[in-house]
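*Asks:* Residues per chain, in single letters:
There are 2 protein chains.
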Amino acid sequence: MNINKQCIIRLSRYRNALNRFRSLGFVKVFSDNLGDAVGVTPAQVRKDFSLFGISGNKKGGYQIDQLLEKLNSILGKDEVHKVVIVGCGHIASALLRYKGFEKEGIRIAAGFDIDPAKVNRAAAPPVLPLEELKEYVKANGIKTGIIAVPDIAAQQVHDMMLSAGIKGVLNFAPIRLKGAEDCIINNINVEYELENVIYYVNAMQKTGRKP
Amino acid sequence: MNINKQCIIRLSRYRNALNRFRSLGFVKVFSDNLGDAVGVTPAQVRKDFSLFGISGNKKGGYQIDQLLEKLNSILGKDEVHKVVIVGCGHIASALLRYKGFEKEGIRIAAGFDIDPAKVNRAAAPPVLPLEELKEYVKANGIKTGIIAVPDIAAQQVHDMMLSAGIKGVLNFAPIRLKGAEDCIINNINVEYELENVIYYVNAMQKTGRKP
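Quick note, the sequences are listed as chains A and B, same order.
Take 1 as the starting number for the first sequence in our numbering and just add one per residue.
Take 1 as the starting number for the second sequence in our numbering and just add one per residue.
None of these hints come from the bench; they were simulated from the model.
Glycine is no exception: its CB is placed at the ideal position from the N, C-alpha and C atoms.
Treat the hints with care, as some may be off.
[What the hints assert, rightly or not] If you want a taste of the chain A side facing chain B, the calculated C-beta under 10 Å gives, among others: (1) Ile3; (2) Val27; (3) Ile74; (4) Ser93; (5) Lys167; (6) Cys183; (7) Val197.
Start from the sequences and build out the full structure, keeping to the hints where you can.
*Replies:* Below you can see the structure in the form of structure tokens.
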């Protein structure tokens with residue numbers, strides 16, 4: 001069984017496409033439709049689903065409601081996941097205001113910052129002092145954290161998260177975190193992605209074609 | 001010559017690490033140092049550099065200043081890149097306030113929004129009505145755009161960008177954009193990345209180990 005990160009990301013994409021199809025009034029969907037929406041072959045769609053024991057009906061395709069139910073269960077959407085965020089700057093502001101998470105069963109339970117001026121216990125979610133992170137995470141059984149601090153502080157925050165029992169981290173700091181065997185780390189770096197686009201734009205302007 | 005996206009992303013990471021080393025007072029650096037900082041083998045570092053004709057001195061390693069100069073030139077850091085952003089919501093706010101871009105030679109020249117209430121010509125950078133996108137992009141010779149609109153509007157915005165002459169897009173909308181042969185698209189999806197972390201955290205809790 002080959003369930004890698006890209007496969008799970010595709011499940012999220014299928015799920016997103018299915019929600020759009022359903023909102024358009026569709027009841028059934030075929031692997032061709034999902035492949036088109038997500039940018040993979042129909043065979044890839046069927047292979048991904050078969051890894052999780054989901055099979056369609058050759059003539060009838062998949063029932064959207066049933067398929068969504070299964071994907072929701074695989075992706076853990078049948079319960080609410082509480083997440084903490086450390087570093088309450090601009091990225092955190094955007095994430096805290098993002099309405100999509102609630103719909104996806106993700107709730108940012110609290111933010112943490114080292115700057116006393118940012119602490120606001122009355123906010124929803126509250127912004128708490130960083131030294132309360134460990135206690136809060138343990139008391140609330142939180143397993144997932146977002147790191148949105150400058151690179152110089154990221155490793156220290158990651159170590160605090162690990163010692164608090166966090167098992168999954170989404171890291172926005174442009175630094176490689178030294179982790180633990182039993183903690184997953186995904187990295188998002190807007191700057192690198194944008195630099196990468198610019199590199200290809202420049203290369204195309206020089207050569208006149210896509211590298 | 002195998003210069004793929006991951007290779008270019010690694011160059012950005014090396015560059016970032018080199019800037020940190022330099023700020024610590026380092027003058028020379030070895031492929032081992034860079035490999036450690038970025039999370040790859042020293043052989044990978046040397047291989048990446050050799051693709052661009054950069055060679056170190058076996059005993060002496062690389063001179064940080066010279067190496068940075070070369071990486072800056074490869075990554076197009078020796079000039080300022082103007083970028084437009086369409087969709088002036090929370091993501092755009094975070095990007096517009098992000099101080100790291102200017103340092104990296106990236107300048108967000110203008111934002112565009114369909115909502116007249118968000119238009120603000122006096123702001124720096126200005127927020128302009130979406131219908132002015134094409135004219136602005138052409139007049140300013142801009143080649144790179146960021147899409148930060150809801151999924152339902154993303155394809156239309158992308159089409160507008162293409163017709164204006166944009167050749168590189170960073171897309172935050174959770175949708176696959178149908179592009180053009182001569183335009184590069186990188187996608188960032190915070191929700192999918194976070195869902196992915198949560199999936200693994202759940203899987204680890206069930207099985208007791210990293211999947």
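*Asks:* Going by Cβ atoms only, is Ser93 of chain A closer than 10 Å to chain B?
*Replies:* With Cβ-Cβ at 6 Å, under 10 Å, it holds.
*Asks:* Holds or violated: Val197 of chain A as interface residue toward chain B, Cβ cutoff 10 Å?
*Replies:* Since chain B brings a Cβ to about 4 Å from Val197 of chain A, closer than 10 Å, the hint holds.
*Asks:* Do the numbers back the hint for Ile74 of chain A, that is, is its least Cβ distance to chain B under 10 Å?
*Replies:* 8 Å, holds
*Asks:* Is the shortest C-beta separation between Ile3 of chain A and chain B less than 10 Å?
*Replies:* 7 Å, holds
*Asks:* Min Cβ distance, Cys183 of chain A to chain B: is it shorter than 10 Å?
*Replies:* Hint on Cys183 of chain A: holds, closest Cβ of chain B at ~8 Å, below 10 Å.
*Asks:* Going by Cβ atoms only, is Val27 of chain A closer than 10 Å to chain B?
*Replies:* Violated. Min distance 21 Å.
*Asks:* Was the hint right that Lys167 of chain A lines chain B, CB cutoff 10 Å?
*Replies:* Nearest chain B Cβ about 5 Å off; hint holds.
Hint 2 from the earlier list is the only one contradicted by this structure; the remaining hints agree with it.
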